[in-house]
Amino acid sequence: MVKYLSEEWAAQAKKKVLDELDQTKDLKNMNASLLNVVQNVPPDQKTMYFYIRFVDGKLEELLASPDESIKQKNAEFTITGDYTTFVQISSGQMSSAMALLKNRVKMTGNKIKAFTITKPIDTFNMCIKKIETEY
Amino acid sequence: MNLSDVLETTKKEPHCGMCKIDFLGTGVCPAGKKHGFVAYWPEGRMELARALAENEVEPTETLIDIVNSCNLCGICDRQCYFITQRRPTQAQQALKDYVKTLKPNTFKPIPEDEIVKDLRSIVGNDWATNDPIIIASYLRSIIKQKSSGNFYIVMPRSTEEIVAIVQLANKHKIPYLPRGNGTFFGVALQTLLAELCSIEQGIIIDLWRMKDIHVDPGSFTATIGPGITSFELQKAAHAHKLRANVAEAESCVCANAQNLGIVTTWSNTYGWGTDNFIDAEFIDSTGTIMHLSDKDIPNPYASAQGLLSLSLIPSVIVTQLTLKLHQILDDEEAIFIPFTNLSDALDMAHNLAKRNIGISLAVLSRKYLTEFISPTHEIAEDFNYIAEKYLKLNYIVDVICDKYHKKIIEELAEVTFGHSMIKSLILGSSKLASMKESSLLKMIAEEEDPLKAVFGGPMRKHFEKGLAASPHELVKVFDEDLRDFFEKLYSKPELTDPVWLHSFRILPCRMERKHMWMYRGGYMPGDKETILKVVDALEKPAEKYHIEGAFGFLSYLERGKLAHLEYDYYYDHADPDARKRLNKAIVESWRRQFAIKGVTPLEFICSKGLHRKEHILYPFPEGLSEEDLVHFEELIETLFGGEDAW
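From first to last, the protein sequence lines stand for chains D and B.
Okay, so the first sequence: first residue is 1 according to our numbering, each after it adds one.
Okay, so the second sequence: first residue is 136 according to our numbering, each after it adds one.
It cannot be assumed that every hint is accurate.
Unchecked claim - Below, simulated SDA-like cross-link-like pairs (lysine to any residue); rule was C-alpha separation at most 20 Å, straight line: (1) Lys106(D) - Thr421(B); (2) Lys596(B) - Ser555(B); (3) Lys306(B) - Pro43(D); (4) Lys46(D) - Asn305(B); (5) Lys46(D) - Gln302(B); (6) Lys111(D) - Pro756(B); (7) Lys106(D) - Ile309(B); (8) Lys111(D) - His750(B); (9) Lys308(B) - Lys111(D); (10) Lys16(D) - Leu59(D); (11) Lys25(D) - Glu761(B); (12) Lys14(D) - Asn31(D); (13) Lys25(D) - Val765(B); (14) Lys46(D) - Pro756(B); (15) Lys623(B) - Glu608(B); (16) Lys111(D) - Glu757(B); (17) Lys111(D) - Leu759(B); (18) Lys308(B) - Lys113(D); (19) Lys46(D) - Lys306(B); (20) Lys113(D) - Leu759(B); (21) Lys308(B) - Thr47(D); (22) Lys489(B) - Lys663(B); (23) Lys106(D) - Leu312(B); (24) Lys111(D) - Phe755(B); (25) Lys111(D) - Lys748(B); (26) Lys113(D) - Met1(D).
What the hints assert, rightly or not - Selected chain D positions facing chain B (in silico; Cβ < 10 Å): (27) Leu18; (28) Thr84; (29) Gln88; (30) Met98; (31) Lys102; (32) Lys111; (33) Ile112; (34) Ile117; (35) Thr123.
Claimed, not checked - Label-pair restraints from in silico Cβ distances: (36) Lys235(B) - Gln45(D): 47 to 57 Å; (37) Asp410(B) - Lys106(D): 53 to 63 Å; (38) Gly92(D) - Ser420(B): 20 to 30 Å; (39) Gln93(D) - Asn206(B): 39 to 49 Å.
Everything labelled a hint here was simulated from the structure, so no lab data went into it.
All C-beta atoms, glycine included, are put in the ideal place defined by N, C-alpha and C.
Working from the sequences, and respecting the hints, build out all of it.
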């Protein structure tokens with residue numbers, strides 16, 4: 001069991017995605033970078049950042065950190081929402097697209113491109129939900 | 136009477152919310168008016184009877200109060216029978232009988248939790264609850280059936296109370312969702328869109344108590360609270376000889392403005408969306424009060440075109456809206472131009488739209504005409520059959536205009552009819568239905584142009600006379616105990632006045648009499664070729680999945696540059712197989728519509744606020760490419776799962 005958004009969790013998540021997902025079939029050779037801004041993380045309601053970057057479907061980076069310097073990576077998409085919503089997404093209770101359409105998260109970035117990567121991002125979330133996680 | 140005896144009726148309850156408005160002059164349910172929560176209204180009692188029969192909720196002490204608050208006065212029977220032919224008192228009687236069978240210790244007390252205590256401190260003890268019995272009455276009209284989350288219902292009276300509620304929800308990190316009259320939810324929650332427009336737990340903010348209304352005839356405006364329905368606003372406007380451009384009688388105006396932008400048969404002249412709204416007060420997700428007229432607000436409705444703009448939940452809560460009102464002319468009257476083919480009807484209507492002829496202008500289908508004006512669904516079906524088989528009457532260009540435009544229309548159209556014929560059809564619809572195999576109709580069908588023969592030729596007098604139209608004749612098809620009431624009702628001039636009926640829109644809910652419906656269609660360029668393509672794109676999925684589909688109405692906008700089409704799928708929402716087929720048809724209809732240049736399906740303009748239209752519809756979107764359509768499939772799968780999940 002690893003703590004959600006901890007360094008251990010990030011390491012396990014990255015390994016799981018690299019081990020289990022096919023770059024073409026599952027991740028559609030996507031090229032995209034996303035910064036998730038997770039607000040109100042318990043116990044002290046801090047903000048955490050969860051960054052992922054794919055190149056040709058390969059997960060090149062997966063970082064989770066409270067350090068806002070991660071913003072300097074200039075992700076193509078920034079998704080901002082409450083901790084409870086990200087827990088729902090990362091545990092597979094709600095897709096990120098559904099969270100977006102239900103106004104549970106805000107997204108900046110090219111919506112047309114976002115539309116093309118909803119499926120591989122969902123596949124990514126379905127993969128990391130299998131990590132035994134303490135939320 | 137057992138709950139199971141009324142289950143067939145309660146399962147098909149459409150949640151139209153008409154019982155909350157006094158559209159027949161009977162007054163409304165006294166218990167509903169006193170307590171507010173949906174559970175105390177006929178609509179909610181029906182849902183409660185269903186939920187108890189299907190063991191989705193257990194009795195609590197509040198059930199006794201709900202049941203005892205009804206004295207079976209019968210107002211709801213008159214209202215509901217007029218619209219849907221249902222008798223809610225039967226469900227209420229079943230609830231009373233059910234409660235009598237329960238032992239006193241069956242009724243659980245429901246303890247307050249911290250959240251409900253806080254909610255009560257905001258709105259008062261009577262207006263917030265966590266009682267499962269009250270919550271169950273909101274099932275299928277904002278809460279998904281079989282939801283297991285913790286819910287609260289709160290009924291605020293002021294903007295400040297809503298601010299406090301939003302802040303409370305944020306403090307506890309639980310979602311919230313406002314509810315007007317629940318009419319949109321009632322339709323969408325039966326489909327695969329349910330997940331998108333409901334909440335899985337949290338606070339439902341029922342806005343019914345916020346009924347402030349102020350008409351300023353000097354500036355031709357009305358300022359209203361979010362609990363005001365279209366009927367109530369129209370009534371207040373008419374008192375000053377003004378008219379509001381509003382949707383169906385039962386819909387809450389603020390919610391409708393925010394959700395769909397209020398597009399009506401009057402929209403070619405009165406406009407839609409941003410054309411009709413002057414200012415709004417709203418609350419954002421942090422609980423901050425803003426106004427559209429504030430200089431420094433961020434655009435709360437900024438939205439891109441495209442598939443990821445499918446958002447059925449408003450990002451803000453509108454708590455007050457100021458709308459334009461329009462002057463009613465002394466010489467307004469209705470004129471109807473009948474057509475056999477849609478193509479011809481579109482040509483005529485577009486010609487009128489481009490010239491701005493007609494205050495209200497639409498192409499109406501045979502289905503709408505017959506269903507709206509017939510007192511029962513059975514009569515509507517017979518009328519529909521007669522119109523198609525004998526009269527060749529499939530579409531009507533439906534116009535409300537002044538006397539000058541009437542002259543122009545009569546010059547342009549080969550055949551027209553007006554108030555007198557519509558009155559005869561309304562009051563004579565039961566007689567007409569009985570003439571299904573009559574020699575008169577067979578004779579008419581043999582004419583070269585039956586439409587001309589009936590509505591423009593010498594047979595018109597015989598036809599009208601044959602209908603023997605009178606309130607006394609009409610009400611013979613009603614339940615015996617309701618006949619006196621309905622005879623008096625149908626003797627009122629407004630019930631057969633097409634101008635009044637177009638303004639107050641009390642009839643459209645009749646389309647829910649037999650089955651639930653799901654609107655399809657959307658916005659498109661006003662050219663005929665595109666419109667016919669869209670109609671085909673909506674017809675094909677209905678045929679493929681064996682769903683009854685029918686053209687509803689088409690309004691032109693902006694002098695015919697744009698068109699708004701409503702096409703409906705009818706299905707039995709109590710039948711899981713029918714729901715599955717409906718959902719497949721919805722997805723396929725999106726796919727087909729998105730492939731047509733310039734078309735935006737209705738769902739994709741939802742919840743984008745008040746000041747919108749140009750930034751959503753212009754430039755006309757390109758049709759999706761093959762590659763885009765693949766991504767579309769993926770998005771649908773991500774959102775709603777695979778076909779098996781539908």
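List in ascending order the numbers of the hints, as given earlier, that are violated by the structure. 9, 14, 18, 26, 27, 37
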